[in-house]
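Protein chains in written order, with our numbering: chain A, 1 to 298; chain B, 1 to 298.
Just to be clear, a hint being listed does not mean it is correct.
Treat identical chains as interchangeable: a pair holds within one or across any two.
Cross-link-like lysine-lysine pairs, in silico, DSSO-like; alpha carbons within 27 angstroms at most [claimed, not checked]:
id : residue 1 : residue 2
1  : Lys278    : Lys121
2  : Lys2      : Lys293
3  : Lys101    : Lys278
4  : Lys55     : Lys139
5  : Lys246    : Lys278
6  : Lys206    : Lys149
By construction, these hints were calculated from the structure, which means they are not laboratory data.
2 protein chains.
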Amino acid sequence: MKTVSRNKVIYTYSTRHKPAEHVKPNETFVIMTEDAFGGQIKTEKDTVEGLDWSKVDGATGPVFVETAKPGDTLVVEILDVKTESKGVIVTVPKTGILGEKPFGPVTKTMELKRGFVQFEKNVKLRIRPMIGTIGVTPKEEIATGSLGKHGGNMDVKDITAGVKLYFPVFVEGALFAVGDLHAVQADGELCVSAVEVAGEVTLKFKLVRGRQPEWPVLETEESYSILACGDTLDEAAKHAAEAATKAFMQEHSWSFEKAYMFSSLAADLRINQVVDPKKGVRAVVSKDFIMLKSLLTA
Amino acid sequence: MKTVSRNKVIYTYSTRHKPAEHVKPNETFVIMTEDAFGGQIKTEKDTVEGLDWSKVDGATGPVFVETAKPGDTLVVEILDVKTESKGVIVTVPKTGILGEKPFGPVTKTMELKRGFVQFEKNVKLRIRPMIGTIGVTPKEEIATGSLGKHGGNMDVKDITAGVKLYFPVFVEGALFAVGDLHAVQADGELCVSAVEVAGEVTLKFKLVRGRQPEWPVLETEESYSILACGDTLDEAAKHAAEAATKAFMQEHSWSFEKAYMFSSLAADLRINQVVDPKKGVRAVVSKDFIMLKSLLTA
Chain A
1 MKTVSRNKVI YTYSTRHKPA EHVKPNETFV IMTEDAFGGQ IKTEKDTVEG LDWSKVDGAT
61 GPVFVETAKP GDTLVVEILD VKTESKGVIV TVPKTGILGE KPFGPVTKTM ELKRGFVQFE
121 KNVKLRIRPM IGTIGVTPKE EIATGSLGKH GGNMDVKDIT AGVKLYFPVF VEGALFAVGD
181 LHAVQADGEL CVSAVEVAGE VTLKFKLVRG RQPEWPVLET EESYSILACG DTLDEAAKHA
241 AEAATKAFMQ EHSWSFEKAY MFSSLAADLR INQVVDPKKG VRAVVSKDFI MLKSLLTA
Chain B
1 MKTVSRNKVI YTYSTRHKPA EHVKPNETFV IMTEDAFGGQ IKTEKDTVEG LDWSKVDGAT
61 GPVFVETAKP GDTLVVEILD VKTESKGVIV TVPKTGILGE KPFGPVTKTM ELKRGFVQFE
121 KNVKLRIRPM IGTIGVTPKE EIATGSLGKH GGNMDVKDIT AGVKLYFPVF VEGALFAVGD
181 LHAVQADGEL CVSAVEVAGE VTLKFKLVRG RQPEWPVLET EESYSILACG DTLDEAAKHA
241 AEAATKAFMQ EHSWSFEKAY MFSSLAADLR INQVVDPKKG VRAVVSKDFI MLKSLLTA
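Whenever a hint applies, use it, and build me the whole structure from the sequences.
What follows is the structure in structure tokens.
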């Protein structure tokens with residue numbers, strides 16, 4: 001099985017990077033990932049004050065997907081997400097949703113064992129490994145720490161083993177990259193970091209020809225989520241609401257008004273994160289109410 | 001059992017309204033409620049163009065809670081929420097999260113039966129009755145269609161039978177009012193209305209003396225939610241995040257930094273609604289991580 005090593009790190013999604021690997025549709029392979037700090041933080045003495053910020057928020061890749069063409073959809077099946085046994089979380093002064101408060105740079109390292117993160121002596125959290133950054137390369141170069149219609153640093157806590165993602169392919173070979181695993185994160189990731197951890201992702205690609213989603217779509221057993229973003233949460237929420245409404249119009253050939261009403265009843269707007277260059281809001285719709293084909297347009 | 005009839009409707013939370021009823025702590029009673037349109041919309045021909053807007057978004061009350069004093073917390077136990085068998089949803093031009101789009105005033109009426117709302121011939125939604133507007137009277141008069149630290153039109157879909165709410169008491173007797181039941185609503189209520197329905201709420205009050213939450217708190221079997229709001233979703237999210245962080249500081253005597261980190265891992269920021277005078281965001285924290293006493297301060 002092909003394995004992409006974690007030293008194949010990139011800091012932008014860009015066509016100028018040489019592919020780290022070529023894979024075929026339906027080929028299972030592994031991508032190893034560094035933590036969001038590029039492994040620079042090893043102990044609680046390593047605060048963000050000493051960080052080389054050019055080595056933060058990288059992703060492993062890009063992976064060239066054979067035969068993927070602009071206009072297609074790249075389907076990413078996440079088969080497994082494994083984390084290393086040590087995680088780290090930091091505060092970064094002036095940063096996160098409460099960045100206006102006065103506070104210092106603090107680092108906390110944590111052991112991950114027997115399914116839990118030990119946050120403090122008497123406080124543990126169940127590990128729920130997730131992928132913070134995942135996406136394809138857009139036409140214009142973009143930092144792996146940012147997010148957009150290509151995916152990127154979306155920080156959706158539901159992106160974990162067993163789900164599928166659907167990305168619009170913008171360039172030959174899609175040029176996929178993944179990174180920024182979290183052992184635990186709440187919706188919002190409000191201090192700007194979660195339990196950051198190195199790890200590995202096992203995955204497989206498929207392709208849908210000639211149809212694309214407007215925003216990345218996440219499929220779980222229960223639901224489809226439209227992963228929108230914007231400069232503010234309000235703008236992100238509007239994009240997610242609009243995409244959900246369009247999908248209901250397509251699904252049932254409904255008027256705008258009927259689809260808009262139905263969105264009010266069946267599209268849950270949820271916050272992903274509030275701290276990165278753009279804010280992320282997803283519209284979550286039960287599979288009872290939407291089919292994949294209504295989320296992809298020619 | 002005392003029953004407050006649905007003609008005891010108010011359109012502001014204000015000390016100038018004569019109490020519709022007086023109840024004691026621990027006394028189970030019933031409040032009947034009109035739908036959000038005050039029953040004005042009876043058929044699909046009744047669009048919002050003909051509405052008397054002064055009779056929209058009312059609540060039933062106010063109920064004077066014996067012995068409730070400013071500085072106390074009013075605990076509201078929702079014992080049951082029953083809806084009538086007919087619901088209505090509307091679009092209102094220029095309104096809702098997609099209000100910039102061109103669309104007309106459309107009304108849809110729906111039967112509620114056997115646990116489902118029949119939205120269209122082949123599309124039904126499971127009924128999940130919830131309370132849109134619930135709260136106490138603040139010192140300054142405020143419309144029942146708005147929301148704030150006193151509660152009000154929060155549109156939190158989790159406010160349903162079996163939960164408890166904690167409101168800061170601002171005035172003698174708390175002066176509680178409730179209305180705006182929804183048979184179904186998604187997080188966001190993005191078109192501005194849900195399945196609006198008349199109904200009745202069975203409830204009981206308790207009091208916590210001399211301690212208050214900063215924002216209303218919702219207790220379910222699993223979690224506590226801090227129900228914040230703001231002029232934008234971003235501002236509402238910030239208020240929710242700050243209150244969660246303060247609660248973790250109080251719970252564990254943690255530094256700001258440690259509590260801020262923990263919020264990033266354990267406080268899910270969720271959208272209530274995006275369409276009323278203020279936007280609502282709640283921070284949802286598992287009972288594994290917070291006790292009620294950390295959410296109430298003297």
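Find the hints from earlier in the document that the structure breaks and name them by number, from lowest to highest.
-> 1, 2
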